[in-house]
Amino acid sequence: DGGITQSPKYLFRKEGQNVTLSCEQNLNHDAMYWYRQDPGQGLRLIYYSQIVNDFQKGDIAEGYSVSREKKESFPLTVTSAQKNPTAFYLCASSISSGGTHSSEQFFGPGTRLTVL
Amino acid sequence: AQSVTQPDIHITVSEGASLELRCNYSYGATPYLFWYVQSPGQGLQLLLKYFSGDTLVQGIKGFEAEFKRSQSSFNLRKPSVHWSDAAEYFCAVGPLMEYGNKLVFGAGTILRVKS
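So the protein sequences, as listed, match chains A and B. Quick note: the first sequence, position 56, residue 56 per this note's numbering, numbers continuous. Quick note: the second sequence, position 24, residue 1024 per this note's numbering, numbers continuous.
Hints listed in this document are in silico derivations from the structure and should not be mistaken for laboratory results. Computed from a prediction, not measured in an experiment: that's the story for all the values here. Note that the Cβ used here is the ideal one computed from N, Cα and C, for glycine as well. Do not rely on the hints blindly, as some may be mistaken.
Mimicking EDC-like on lysine to aspartate or glutamate, the simulated pairs with C-alpha atoms at most 20 Å apart in a straight line are [claimed, not checked]:
#1 B:1061 with A:104
#2 B:1049 with A:104
#3 B:1068 with B:1054
#4 A:83 with A:59
#5 B:1114 with B:1020
#6 B:1049 with B:1020
In silico contact screen, one side only, chain B against chain A (beta carbon under 8 Å); selected entries [unchecked claim]:
#7 1032
#8 1042
#9 1043
#10 1046
#11 1049
#12 1090
#13 1094
#14 1101
#15 1102
#16 1103
#17 1105
#18 1106
#19 1107
Looking from chain B toward chain A, a few residues come up when the C-beta cut is under 10 Å (computed) [stated by the list, open to error]:
#20 1009
#21 1034
#22 1092
#23 1095
#24 1096
Model the full structure from these sequences, guided by the hints.
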């Protein structure tokens, strides 16, 4: 089955530690996205990537980093510089960066990060 | 600036009753519009989408939505709600080409279904 997988489902981190959230897709999508979700705030874009080896900052990139070395993978690192990292993180992908259906995004199941 | 407003944070309906969730958007051109549903602790699932053409679109799980350009609205409806419809619903508008086809999401509406 095609889809997006995120791991782990739950992640606990001590203050001052970096953690990496995994996102893998087998949909052959070019574009991938990372969102942060907090109660009552909808989804906010952290980073996005339109092609391999290229990525751009979204609205709330500070304290986060990403890489896109392979088409199917877009890991997100939450660094110690992120002051309030406890949240639900969602990864998404879309077909490409152009055309009607390119804006339709498919989502993974999410990772809940808790800082202890 | 592009934005999406979902005026209702919470809505409670009785099982079997009709449902309408409101969505208003601000967008500088003809928008693409989406409704997603999220169960607790899960990812988002696409319910329906509007790109062009017929302004009444049908989606999965018996949902429909109507695009009204004059009102900048894209309200989600269902004629008879089931207990399994209890979830959070997000309206989204796009694409924002300068952000790689970014979608802008509303803050969400939590639907509670009472028996």
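To see whether the hints hold, each was checked on the structure:
1. B:1061 with A:104: Roughly 18 Å between the alpha carbons, so the hint for residue 1061 (chain B) and residue 104 (chain A) holds.
2. B:1049 with A:104: This hinted pair holds, its Cα atoms lying about 8 Å apart.
3. B:1068 with B:1054: Holds, because 11 Å separates the two Cα atoms, which is no more than 20 Å.
4. A:83 with A:59: It holds: about 16 Å lies between the C-alpha atoms, which stays within 20 Å.
5. B:1114 with B:1020: holds, 16 Å
6. B:1049 with B:1020: holds, 16 Å
7. 1032: holds, 5 Å
8. 1042: holds, 6 Å
9. 1043: holds, 4 Å
10. 1046: holds, 7 Å
11. 1049: Where the cut-off is 8 Å and the nearest Cβ of chain A is about 6 Å from residue 1049 (chain B), the hint holds.
12. 1090: Holds: closest Cβ of chain A sits about 6 Å from residue 1090 (chain B), inside 8 Å.
13. 1094: Since the shortest Cβ distance to chain A is 4 Å, the answer is holds.
14. 1101: With Cβ-Cβ at 5 Å, under 8 Å, it holds.
15. 1102: Since the shortest Cβ distance to chain A is 6 Å, the answer is holds.
16. 1103: holds, 6 Å
17. 1105: holds, 4 Å
18. 1106: holds, 6 Å
19. 1107: holds, 4 Å
20. 1009: holds, 7 Å
21. 1034: holds, 7 Å
22. 1092: holds, 8 Å
23. 1095: holds, 4 Å
24. 1096: Because about 9 Å separates residue 1096 (chain B) from the closest Cβ in chain A, which is inside the 10 Å limit, the hint holds.
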